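Undergrad: With the hints as constraints, model all of the structure from the sequences given.
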Amino acid sequence: MSTSTDNNASITQESGPSAAVQDIQKKIVVRTADGEVFNLKEEVAMEIDIIKTFFQEDSISYETVMPLPNVEGWEMVKVIEYCTKHVELKHKVDGYKERKAFQALFVQNLSTKSLLALTNTANYLEVKYLLDFLCQAVSEQIKNKDVDYVRELFGVENDFNDEEYEQVKAEAPWAHENLNNDLH
Amino acid sequence: MSFKSILQDKKGEFGSSWRKRFNLKFSYGMISRSHRVVQDTSFRIDALKQSCWANVPPELLREVLMRIEASDDTWPLRKNVVACAGVCNNWREMMKEIVKSPEVSGKLTFPISLKQTGPRDFLLQCYIKRSNQAYYLFLGLHQASTEDGKFLLAARKRRRLTCTDYIISLNSENVSKGNSAFVGKLRSNFLGTKFTIYDAQPSNTGANVTKCHSTMKQVSPRVPAGDYPVGHIAYELNVLGSRGSRRMKCVLDAIPAPAVEPGCAPTQTEFVDSNSDSIPSLPLFGSKSGPAVSVQSGQQSGQNEGMLVLRNKAPRWLEQLQRWCLNFNRRVTEASVKNFQLVASPENGVAADPEHENVILECGKVGKDVFTMDYQYPISAFQAFAICISSIDSKIACE
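If you read the protein sequences in the order shown, they are chains A and B.
By this note's numbering, the letter at position 54 of the first sequence is numbered 54, and the numbering carries on one by one without gaps.
By this note's numbering, the letter at position 21 of the second sequence is numbered 21, and the numbering carries on one by one without gaps.
Hints are computed from structural coordinates only; laboratory data are not their basis.
Predicted, not measured: the structure shown is a model, and the values here were computed from it.
Heads up, some of the hints might be wrong.
Said to hold, decoys possible - The calculated lysine-lysine pairs, modelled on PhoX-like cross-linking and capped at a C-alpha distance of 25 angstroms, are:
(1) B:K365 <-> B:K194
(2) A:K143 <-> A:K128
(3) A:K143 <-> B:K100
(4) B:K100 <-> A:K169
(5) A:K128 <-> A:K52
(6) A:K169 <-> B:K150
(7) A:K26 <-> A:K52
(8) A:K145 <-> B:K107
(9) B:K338 <-> B:K249
(10) B:K338 <-> A:K143
(11) A:K169 <-> B:K338
(12) B:K150 <-> B:K177
(13) A:K145 <-> B:K365
(14) B:K249 <-> A:K143
(15) A:K169 <-> B:K96
(16) B:K365 <-> B:K313
(17) B:K150 <-> B:K100
(18) B:K150 <-> A:K145
(19) A:K143 <-> B:K107
(20) A:K113 <-> A:K143
(21) B:K365 <-> B:K249
(22) A:K169 <-> B:K177
(23) B:K249 <-> B:K395
(24) B:K395 <-> B:K365
(25) A:K100 <-> A:K128
(26) A:K90 <-> A:K128
(27) A:K90 <-> A:K41
(28) B:K395 <-> B:K368
TA: Below, the structure is given as C-alpha cells:
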C-alpha cells in the first residue's frame, strides 16, 4: 500500500494535480458550446494552443473546466481525434503513409460545410498543423464546385459593380477552360 | 468550378445566396466535476447550422486561396484560380494580390496576362496554328509540345484595298473589333513589308512611363475601341537580296529602351471595357530613371528615341550544310525564311555581344501550318503574336 502511495506521489507534478481523476494520467477538462464536457489527456490538450495558453501561461489549476464557447461537441471530437493521432505519430520514425491514410479517412465523411466549420474551429483553437491540413482540404473541395454553390457556402454575394462584372464575364472562358484543340 | 451560372447572372440579381445566423453560445460553466468522457464519434451535423464561414477572418480565406493558386499552377487546372477571382469582390481582390504577373511568376493566369510582359529568366513556349486565313496562338502545356495547348488568342485576316488587317481577339469563334474580346490588330502595308501593331487599349496616354506595380490601375480615356499604335515592324532584304535571310526591325513604342536592362517595362493590369463610360483614376508614380516616353497616336517608326528596338539575329552560313542557320535549341524543325530570333538591337545602348545575345522572341516552323513561338520579358504575348504573324505572312524574300 505504501508502494502505491509512493507511486502516486512520484507521478504528481508541481503544477496542480488533478486529484479527482481516477487514473494516473493528467487530464484537462473542457466544455464546448453545446454543454458537452471532454476529458483530454494532457499531452493531447497541450497540442491545442488556446488550451495550453489558458492553463500554462495563466497557471490555472487543472481542476478548472475550460469553456470553449465557439466550439461544438462534434468538432471537439474531431480535433481530439486528429491531435491524438498526431501525438502518436510524433514518436514514429516513418509515419508518412499512415498519416496520409488517416488524413484521407478523417475528411472522408465530412461534408464541405462541416469541413469549413471545422477549419474555423481549428483556427480558433490554434492548432497549426490541423489548420494547414484543413485549409488544404477545403481548397481541394472548392475546386470542383459551381460558383453559385461556393457563394452560398461562404455566405458571400455577387457584389461586383458593372465594370468589374464585365471583366469577370470576359474571363469566363478562361475559368471553365476545356482543351478542345479543334479549329474552325 | 463551373462558370456557366455567371453567364446567366443578370445585373442586380444575387442568386440564392443567404447568410446563416451565427449564434455564439457562451456557456461559462461552473467548475464542475462531472467528467464525462465522450466516446461516441457520431457527431451531429445540424450543430453546424450555427456556424458561419462568412465570419471567419480574412487570413483564413487567404490561406485557402493561396493553396489553390499554388497547387493549380499549370493549365488546365489554372482555371480554378480564374474561377475563384469571379466569386465576389473580396475573393477577386485577394486572388489578384496572390497571383503574380507573368514577369515574376512565369505563368499566364488571367486574359490580361497576355498584355503583360513575359518572364524574365526564360522563354515562355507557345505555338501558332494557321488555318483558313486565321492564326491561333496556344500556350504549350508540355515541354516542346505543339498539341493540346491552352488557347490564348486568335487572329483573322482581312484584306483591304491598300492594306491587310489582322484582328486579334480572345475569342476564337467571333474574331472582330465589335466585342469586348477584341485585343488589338496588326496592319500590314500593301507590299507586306511594313506592319503596325495596334492595341485596343492605351498603355500610356502621354504620361511618363510608370513603374510596374501589380495594383496599377488602367487609364481609360474616353476614346472609342481603340487603335493605339504600340509597335512597328519592317522587313527588308539584306545585301544578298532574296538569297539571304531577311532583315527584321521591330520598334516597340510602348516599351522604353532601358527595359532591356534590369528595369521595368510598362504592363497593363486590367482590361477596360471600351464601351464603359467610367474613367478609373490613375495613381501617378514617379518615372523610372530613363527617358520619358510618350505615345502619340499615329506616330510612325521614324523616331526611335528611347523606344525598344529589336532586330533579328543574323543567321550564320554553314558551308557544310549550304544553309543559313540559327540555333533554336531544337524548337524549330523546318527550314524557312520566316524563322527568326529577335534580340535587342545595339541601338538601345545595350552592348552588342553576339556570343551572349538574349533572345527575346523566336519563331519557327515545325509543321505545314504549325509554328513555335517563344517569348520573354520585355514583350507580351500579344506583341509577340503580332510580330510572328507579320513574319509568317510577310511575302518578302520568299521564292
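Undergrad: State for each hint whether it applies.
TA: Right, here's what the structure says about each hint:
Taking the CA atoms of K365 of chain B and K194 of chain B, the gap is about 22 angstroms. The hint holds against a cut of 25 angstroms. Only pairs whose Cα atoms come within 25 angstroms are accepted, and K143 of chain A paired with K128 of chain A is accepted, the gap being roughly 23 angstroms. A C-alpha spacing of about 20 angstroms is found between K143 of chain A and K100 of chain B, which places the hinted pair at or below 25 angstroms, so the restraint holds. For a cut-off of 25 angstroms, the pair hint linking K100 of chain B to K169 of chain A stands: about 21 angstroms separates their Cα positions.
Restraint check: the Cα-Cα separation between K128 of chain A and K52 of chain A comes to about 13 angstroms, which is no more than 25 angstroms; the hinted pair holds. Taking the CA atoms of K169 of chain A and K150 of chain B, the gap is near 19 angstroms; set against the 25 angstroms cutoff, the hint holds. For the hint pairing K26 of chain A with K52 of chain A, the CA-to-CA distance comes to about 14 angstroms; that is within 25 angstroms, so the pair holds. Annotation: proposed proximity of K145 of chain A to K107 of chain B holds, straight-line Cα distance about 24 angstroms (limit 25 angstroms).
Distance hint between K338 of chain B and K249 of chain B is fulfilled; the C-alpha atoms sit about 14 angstroms from each other, no more than 25 angstroms. Pair hint K338 of chain B plus K143 of chain A does not hold up; C-alpha atoms about 42 angstroms apart against a cutoff of 25 angstroms. Straight-line distance between C-alpha atoms of K169 of chain A and K338 of chain B comes to about 37 angstroms, which puts the hinted pair past the 25 angstroms bound. At roughly 23 angstroms between alpha-carbon atoms, K150 of chain B and K177 of chain B fall within 25 angstroms of each other, so this suggested pair holds.
Restraint check for K145 of chain A and K365 of chain B: the C-alpha separation of about 41 angstroms exceeds 25 angstroms, so the hint is violated. Restraint check for K249 of chain B and K143 of chain A: not satisfied, since their Cα atoms lie roughly 45 angstroms apart, outside the 25 angstroms limit. Pair hint K169 of chain A plus K96 of chain B holds up; C-alpha atoms about 16 angstroms apart against a cutoff of 25 angstroms. For the hint linking K365 of chain B to K313 of chain B, the alpha-carbon distance of about 17 angstroms falls within 25 angstroms, and the restraint holds.
A C-alpha spacing of about 19 angstroms is found between K150 of chain B and K100 of chain B, which places the hinted pair at or below 25 angstroms, so the restraint holds. In summary, the hint linking K150 of chain B to K145 of chain A is supported, as the alpha carbons are separated by about 22 angstroms, within the 25 angstroms threshold. For the hint pairing K143 of chain A with K107 of chain B, the CA-to-CA distance comes to about 19 angstroms; that is within 25 angstroms, so the pair holds. Of the pairs offered as hints, the one joining K113 of chain A and K143 of chain A holds, with about 15 angstroms between alpha carbons and a cut-off of 25 angstroms not exceeded.
Under the criterion of a C-alpha separation no larger than 25 angstroms, the hint pairing K365 of chain B with K249 of chain B is consistent with the structure, at around 20 angstroms. Of the supplied pair hints, the one linking K169 of chain A and K177 of chain B holds, its CA atoms being roughly 17 angstroms apart against a limit of 25 angstroms. Between K249 of chain B and K395 of chain B the CA atoms are separated by roughly 16 angstroms; this keeps the pair inside 25 angstroms, and the hint holds. Pair hint K395 of chain B plus K365 of chain B holds up; C-alpha atoms about 15 angstroms apart against a cutoff of 25 angstroms.
Restraint check for K100 of chain A and K128 of chain A: satisfied, since their Cα atoms lie roughly 17 angstroms apart, inside the 25 angstroms limit. With a C-alpha separation of about 15 angstroms, the suggested pairing of K90 of chain A with K128 of chain A holds against the 25 angstroms cut-off. Between K90 of chain A and K41 of chain A, the direct Cα distance comes to roughly 16 angstroms. Compliance with the 25 angstroms bound is thereby established for this hinted pair. Using a Cα cut-off of 25 angstroms, the hinted pair K395 of chain B and K368 of chain B holds, with the two alpha carbons roughly 17 angstroms apart.
In this structure, the earlier hints numbered 10, 11, 13, 14 are contradicted, and the remaining ones agree with it.
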